[in-house]
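Visitor: In case you want the letters, here they are:
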Amino acid sequence: MNVVVCVKQIPDPATPGSLDSDNTLKREGKLILDESDSFGVEMALQLVDKAGGGEVTLVSMAPNNEVSGLRTALAMGAHKAILVSDDALAGTDALGTAKVLAKAVERAGDVDLVIAATESTDGYTGTVPPQIAERLGWPSLTYARKVEIGDGKVTIERQTEAGYDVVDASLPAVVSVTAGVVEPRYPSFKGIMAAKNKPVDQVTVGDLGLSPDDVGWKGARQEITKVEPAPARQAGEKIEDDGESFQRIVQYLENLKII
Amino acid sequence: MALSKVWVYAEAEGGTPLSATLELLTKAREIGDTVEAVFVGADADAVAAKLGEYGAAKVYAADPGQTLTGVVAAAAIAKLVEEHQPDLILFAQSYDGRDAIARLSVKLDRPVLTNGMSVGVEGDNVTVGTAIFGGNLLVDTTFRSEKPYLAAIRPKSFAAEPGGAGAAEVVKVEGFDAGRAAEATVRDRHVEEREGPKLEDATVVVSGGRGIGAPENYEPLVEELAKLLKGASGASRAIVDAGWVPYAKQVGQTGKTVKPRVYIALGISGATQHMVGMKGSDNIIAVNKDGEAPIFSIADLGIVGDVHKVVPKIIEALKARS
Ligand SMILES: Cc1cc2nc3c(=O)[nH]c(=O)nc-3n(C[C@H](O)[C@H](O)[C@H](O)COP(=O)(O)OP(=O)(O)OC[C@H]3O[C@@H](n4cnc5c(N)ncnc54)[C@H](O)[C@@H]3O)c2cc1C
Ligand SMILES: Nc1ncnc2c1ncn2[C@@H]1O[C@H](COP(=O)(O)O)[C@@H](O)[C@H]1O
Numbered sequence: 001m002n003v004v005v006c007v008k009q010i011p012d013p014a015t016p017g018s019l020d021s022d023n024t025l026k027r028e029g030k031l032i033l034d035e036s037d038s039f040g041v042e043m044a045l046q047l048v049d050k051a052g053g054g055e056v057t058l059v060s061m062a063p064n065n066e067v068s069g070l071r072t073a074l075a076m077g078a079h080k081a082i083l084v085s086d087d088a089l090a091g092t093d094a095l096g097t098a099k100v101l102a103k104a105v106e107r108a109g110d111v112d113l114v115i116a117a118t119e120s121t122d123g124y125t126g127t128v129p130p131q132i133a134e135r136l137g138w139p140s141l142t143y144a145r146k147v148e149i150g151d152g153k154v155t156i157e158r159q160t161e162a163g164y165d166v167v168d169a170s171l172p173a174v175v176s177v178t179a180g181v182v183e184p185r186y187p188s189f190k191g192i193m194a195a196k197n198k199p200v201d202q203v204t205v206g207d208l209g210l211s212p213d214d215v216g217w218k219g220a221r222q223e224i225t226k227v228e229p230a231p232a233r234q235a236g237e238k239i240e241d242d243g244e245s246f247q248r249i250v251q252y253l254e255n256l257k258i259i
Numbered sequence: 001m002a003l004s005k006v007w008v009y010a011e012a013e014g015g016t017p018l019s020a021t022l023e024l025l026t027k028a029r030e031i032g033d034t035v036e037a038v039f040v041g042a043d044a045d046a047v048a049a050k051l052g053e054y055g056a057a058k059v060y061a062a063d064p065g066q067t068l069t070g071v072v073a074a075a076a077i078a079k080l081v082e083e084h085q086p087d088l089i090l091f092a093q094s095y096d097g098r099d100a101i102a103r104l105s106v107k108l109d110r111p112v113l114t115n116g117m118s119v120g121v122e123g124d125n126v127t128v129g130t131a132i133f134g135g136n137l138l139v140d141t142t143f144r145s146e147k148p149y150l151a152a153i154r155p156k157s158f159a160a161e162p163g164g165a166g167a168a169e170v171v172k173v174e175g176f177d178a179g180r181a182a183e184a185t186v187r188d189r190h191v192e193e194r195e196g197p198k199l200e201d202a203t204v205v206v207s208g209g210r211g212i213g214a215p216e217n218y219e220p221l222v223e224e225l226a227k228l229l230k231g232a233s234g235a236s237r238a239i240v241d242a243g244w245v246p247y248a249k250q251v252g253q254t255g256k257t258v259k260p261r262v263y264i265a266l267g268i269s270g271a272t273q274h275m276v277g278m279k280g281s282d283n284i285i286a287v288n289k290d291g292e293a294p295i296f297s298i299a300d301l302g303i304v305g306d307v308h309k310v311v312p313k314i315i316e317a318l319k320a321r322s
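For the protein sequence lines, the chains are B and V, in the order given.
At position 164 of the first sequence the residue is numbered 164 (this note's numbering), and the sequence of numbers has no breaks.
At position 291 of the second sequence the residue is numbered 291 (this note's numbering), and the sequence of numbers has no breaks.
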């Protein structure tokens with residue numbers, strides 16, 4: 001069984017973000033594997049293992065031929081990667097990203113399943129996985145908290161507002177997984193060494209047969225028209241607990257007629 | 001000037017429209033001359049009255065059977081758009097809302113603006129406001145595409161107010177094809193029991209963070225206080241990720257936005273990603289043993305103290321009153 005995992009490479013979320021002069025997210029310095037996608041990588045490795053063979057291929061769209069995040073996922077055990085990097089991609093939105101990633105999936109060849117995260121840490125639109133599926137003409141099973149493969153079918157537990165639904169579809173299909181579905185393994189020393197020699201197929205927008213007009217600012221067909229700091233909320237009263245402060249809370253609730 | 005036609009993708013649970021849907025209809029009334037809804041579910045007639053009350057003149061309805069709702073919605077709306085040409089379609093940033101808007105965007109080849117917290121209309125320009133960097137920066141983005149514009153809005157971005165007319169007219173939609181996407185079949189539904197109001201609808205929300213110390217403290221501190229105040233219990237991501245409570249309780253950027261009359265934060269530091277989900281509350285009370293915790297910068301009443309000492313006393317006092 002062959003599985004493709006979409007992995008986003010993002011600036012370290014621990015460092016405060018900032019905007020470039022053209023109002024896109026600053027993506028300088030080393031990028032890392034989005035933690036949300038580490039669950040997808042682990043899931044793919046386990047599914048291929050259970051199926052008794054096959055390959056895990058990573059696809060990623062990132063600026064400046066960035067591979068640091070891909071190397072992390074390769075060190076976990078993924079077999080190879082396709083990296084789409086091109087100056088024309090600056091400003092690409094979710095739909096453009098899906099167009100690119102769907103083409104990258106096609107380039108990966110014989111694919112049974114595509115796994116992505118429910119939402120990325122820095123973009124969190126959460127639309128890219130079903131958009132990829134629609135581009136490919138495949139079913140999308142979203143918000144999976146459990147994934148099983150059998151008899152040419154994928155079955156998931158789909159997180160819902162009220163609990164979960166059991167949903168299935170035949171392969172090939174796209175699945176988006178929530179955080180915590182599996183415990184991502186730590187790359188071993190051997191894995192890290194092996195990752196250095198695993199193939200990364202670096203391609204451009206043109207190589208994928210897409211026009212530069214499909215992606216970037218032009219393809220996004222939207223304009224950032226205003227950026228301003230959020231209004232601050234005022235602090236009220238702050239008191240040290242002296243054993244009786246609970247009464248202040250009770251009083252506060254009373255004044256609001258909550259109790 | 002208003003838009004001539006605004007649509008809302010309507011969702012319901014057990015025959016009752018979601019509050020997020022009613023919020024969108026209220027906004028649609030303000031910015032559109034004609035407001036209509038698209039509903040995918042078995043019980044369109046049951047929801048039509050309420051959708052009408054909040055402003056929908058018509059409800060285009062499709063029955064998904066066992067197929068994933070959002071997939072059917074995308075196919076149905078794609079067909080309807082050709083015929084009726086709405087200017088703007090609003091979706092809730094919900095599970096099915098995101099499935100629907102994502103698939104539809106590809107079918108129509110239109111960009112989507114997601115995580116919206118405001119919608120502005122000036123002439124033909126439609127602008128969606130979002131908050132980034134944990135809510136520190138507000139960004140307005142204006143569509144420059146062909147219509148219809150597609151936007152997903154975070155629940156609790158607008159107030160829901162009735163003001164429409166009688167029940168909406170139900171118009172059945174048929175003859176669309178979702179292709180292989182329609183294979184996604186719901187075999188079984190598991191509904192977990194919930195006591196009290198929903199998190200996003202509660203008047204009082206009591207949330208716990210890592211400061212409550214251990215998973216077994218959530219029930220006696222957070223849930224108990226929420227119950228006594230007839231409210232709902234929430235959580236920071238730290239304790240959701242740690243597996244102490246389910247994801248549905250998470251408040252913040254990657255969880256729910258809540259705007260209760262009172263929000264009580266217990267042992268929560270107040271990371272920007274948490275605060276963006278609750279700083280719209282009318283009143284904020286915080287208990288944290290660290291006097292420098294950022295949560296105090298937005299709390300109307302801040303108690304610098306130990307939750308294990310303060311909260312049991314509140315609970316005791318409330319019980320003594322009832
Ligand atoms: C992309 C991204 C998205 C995120 N989305 C969210 C989100 O949606 N929601 C969210 O909540 N977080 C989110 N986070 C995580 C966020 O940055 C914080 O890590 C998280 O909110 C911290 O949770 P906490 O306050 O419970 O834990 P901590 O930050 O560890 O704070 C615990 C607090 O408890 C206090 N404390 C300890 N013991 C006691 C005691 N006995 N009595 C009283 N107080 C005590 C401490 O002083 C401390 O202030 C996100 C982060 C990223 C990078
Ligand atoms: N540039 C990208 N490269 C690879 N995968 C991506 C990219 N953008 C989004 N994805 C995948 O789609 C998921 C959802 O992203 P988003 O819609 O941006 O929230 C991510 O968690 C990734 O799995």
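Hints listed in this document are in silico derivations from the structure and should not be mistaken for laboratory results.
The structure presented is a predicted model; accordingly, all values stated were derived computationally and were not measured.
C-beta: ideal position from N, C-alpha, C; glycine also.
Some clues are possibly wrong.
[Claimed, not checked] Quick list of in silico lysine-lysine cross-link-like pairs, DSSO-like style, CA-CA up to 27 Å: (1) V/Lys147 with B/Lys238; (2) B/Lys153 with V/Lys227; (3) V/Lys319 with B/Lys218; (4) V/Lys227 with B/Lys238; (5) B/Lys238 with V/Lys313; (6) B/Lys238 with V/Lys289; (7) B/Lys226 with V/Lys5; (8) V/Lys172 with B/Lys257; (9) B/Lys238 with V/Lys259; (10) V/Lys313 with B/Lys257; (11) V/Lys147 with B/Lys257; (12) B/Lys146 with V/Lys230; (13) V/Lys279 with B/Lys238; (14) B/Lys238 with V/Lys5; (15) B/Lys80 with B/Lys218; (16) V/Lys309 with B/Lys257; (17) B/Lys238 with V/Lys319; (18) V/Lys156 with B/Lys226; (19) B/Lys257 with V/Lys227; (20) V/Lys107 with B/Lys257; (21) B/Lys218 with V/Lys147; (22) B/Lys226 with V/Lys313; (23) V/Lys259 with B/Lys226; (24) V/Lys279 with V/Lys259; (25) V/Lys5 with B/Lys257; (26) V/Lys198 with B/Lys257; (27) B/Lys226 with V/Lys147; (28) B/Lys257 with V/Lys279.
[To be verified] A few chain V residues facing chain B, derived, Cβ under 10 Å: (29) Ser4; (30) Ile31; (31) Thr127; (32) Ala152; (33) Gly163; (34) Val170; (35) Val171; (36) Glu224; (37) Ile264.
[Said to hold, decoys possible] Chain V stretches covered by chain B per the calculated footprint, using a threshold of three residues with CB under 8 Å from any CB of chain B: (38) 42 to 55; (39) 182 to 196; (40) 210 to 222.
Visitor: Now tell me, hint by hint, if it's right for this structure.
Guide: Going through the hints against the structure:
Only pairs whose Cα atoms come within 27 Å are accepted, and V/Lys147 paired with B/Lys238 is rejected, the gap being roughly 50 Å. As the CA atoms of B/Lys153 and V/Lys227 are separated by approximately 43 Å, the hinted pair breaks the 27 Å bound. Note on V/Lys319 and B/Lys218: the hinted pairing is violated, with a Cα-Cα distance of about 62 Å set against a maximum of 27 Å. Restraint check for V/Lys227 and B/Lys238: the C-alpha separation of about 25 Å stays at or below 27 Å, so the hint holds.
Between B/Lys238 and V/Lys313 the alpha-carbon distance is near 18 Å, which keeps this suggested pair within the 27 Å criterion. For the proposed pair B/Lys238 and V/Lys289, the alpha carbon gap of about 12 Å is at most 27 Å, so the pair holds. Between B/Lys226 and V/Lys5, the direct Cα distance comes to roughly 26 Å. Compliance with the 27 Å bound is thereby established for this hinted pair. Under the criterion of a C-alpha separation no larger than 27 Å, the hint pairing V/Lys172 with B/Lys257 is inconsistent with the structure, at around 46 Å.
In summary, the hint linking B/Lys238 to V/Lys259 is supported, as the alpha carbons are separated by about 22 Å, within the 27 Å threshold. Distance hint between V/Lys313 and B/Lys257 is fulfilled; the C-alpha atoms sit about 19 Å from each other, no more than 27 Å. As the CA atoms of V/Lys147 and B/Lys257 are separated by approximately 47 Å, the hinted pair breaks the 27 Å bound. Restraint check: the Cα-Cα separation between B/Lys146 and V/Lys230 comes to about 34 Å, which exceeds 27 Å; the hinted pair is violated.
Note on V/Lys279 and B/Lys238: the hinted pairing holds, with a Cα-Cα distance of about 17 Å set against a maximum of 27 Å. With a CA separation close to 49 Å, the supplied pair B/Lys238 and V/Lys5 exceeds the 27 Å bound. Note on B/Lys80 and B/Lys218: the hinted pairing is violated, with a Cα-Cα distance of about 31 Å set against a maximum of 27 Å. For the suggested pair V/Lys309 and B/Lys257, the alpha carbons sit about 25 Å apart, so the restraint of at most 27 Å is met.
Distance hint between B/Lys238 and V/Lys319 is fulfilled; the C-alpha atoms sit about 25 Å from each other, no more than 27 Å. Between V/Lys156 and B/Lys226 the CA atoms are separated by roughly 22 Å; this keeps the pair inside 27 Å, and the hint holds. Proximity of B/Lys257 to V/Lys227 is assessed by CA-CA distance (about 16 Å); at most 27 Å being required, the pair is judged to hold. The hinted pair formed by V/Lys107 and B/Lys257 fails the criterion: a straight-line CA distance of about 51 Å is larger than 27 Å.
With a C-alpha separation of about 16 Å, the suggested pairing of B/Lys218 with V/Lys147 holds against the 27 Å cut-off. The straight-line distance between the Cα atoms of B/Lys226 and V/Lys313 is roughly 48 Å, outside the 27 Å bound, and the hint therefore fails. As the CA atoms of V/Lys259 and B/Lys226 are separated by approximately 25 Å, the hinted pair is consistent with the 27 Å bound. Proposed proximity of V/Lys279 and V/Lys259 is supported: the alpha carbons are some 8 Å apart, at most 27 Å.
For the hint linking V/Lys5 to B/Lys257, the alpha-carbon distance of about 42 Å lies beyond 27 Å, and the restraint is violated. Using a Cα cut-off of 27 Å, the hinted pair V/Lys198 and B/Lys257 holds, with the two alpha carbons roughly 21 Å apart. This hinted pair checks out: B/Lys226 and V/Lys147 have alpha carbons roughly 21 Å apart, not beyond 27 Å. Pair hint B/Lys257 plus V/Lys279 holds up; C-alpha atoms about 21 Å apart against a cutoff of 27 Å.
Because the beta carbon of V/Ser4 sits about 21 Å from the nearest beta carbon in chain B, more than 10 Å, this interface hint is broken. A cut of 10 Å between beta carbons decides the hint on V/Ile31: the least distance to chain B is about 17 Å, and the hint is violated. For V/Thr127, the suggested interface contact is upheld, since its CB lies about 6 Å from the closest CB of chain B, less than 10 Å. Interface hint status for V/Ala152: upheld, as the beta-carbon distance to the closest one in chain B is roughly 8 Å, under 10 Å.
Interface hint at V/Gly163: violated, since its Cβ lies 26 Å from the closest Cβ of chain B, which is beyond the 10 Å cut-off. A distance limit of 10 Å between C-beta atoms decides the matter here; for V/Val170 the minimum to chain B is near 24 Å, and the interface restraint is violated. Of the supplied interface hints, the one on V/Val171 is violated, with its beta-carbon coming no nearer than about 25 Å to a beta-carbon of chain B, more than 10 Å. With its C-beta approaching chain B no nearer than about 14 Å, V/Glu224 sits outside the 10 Å limit, and its interface hint is violated.
A least Cβ separation of about 8 Å between V/Ile264 and chain B falls short of the 10 Å threshold, and the interface hint therefore holds. Counting residues of the stretch 42 to 55 of chain V whose beta carbon lies closer than 8 Å to any beta carbon of chain B gives 0, which falls short of the minimum of three for the stated coverage. Under a criterion of three residues with beta carbons nearer than 8 Å to beta carbons of chain B, the stated coverage of the stretch 182 to 196 of chain V is upheld, 12 such residues being counted. Using a Cβ-Cβ cut-off of 8 Å, 0 residues of the stretch 210 to 222 of chain V lie near chain B, which falls short of the minimum of three, so the contact claim is violated.
Violation of the numbered hints given earlier is confined to hints 1, 2, 3, 8, 11, 12, 14, 15, 20, 22, 25, 29, 30, 33, 34, 35, 36, 38, 40; the remaining hints are satisfied by the structure.
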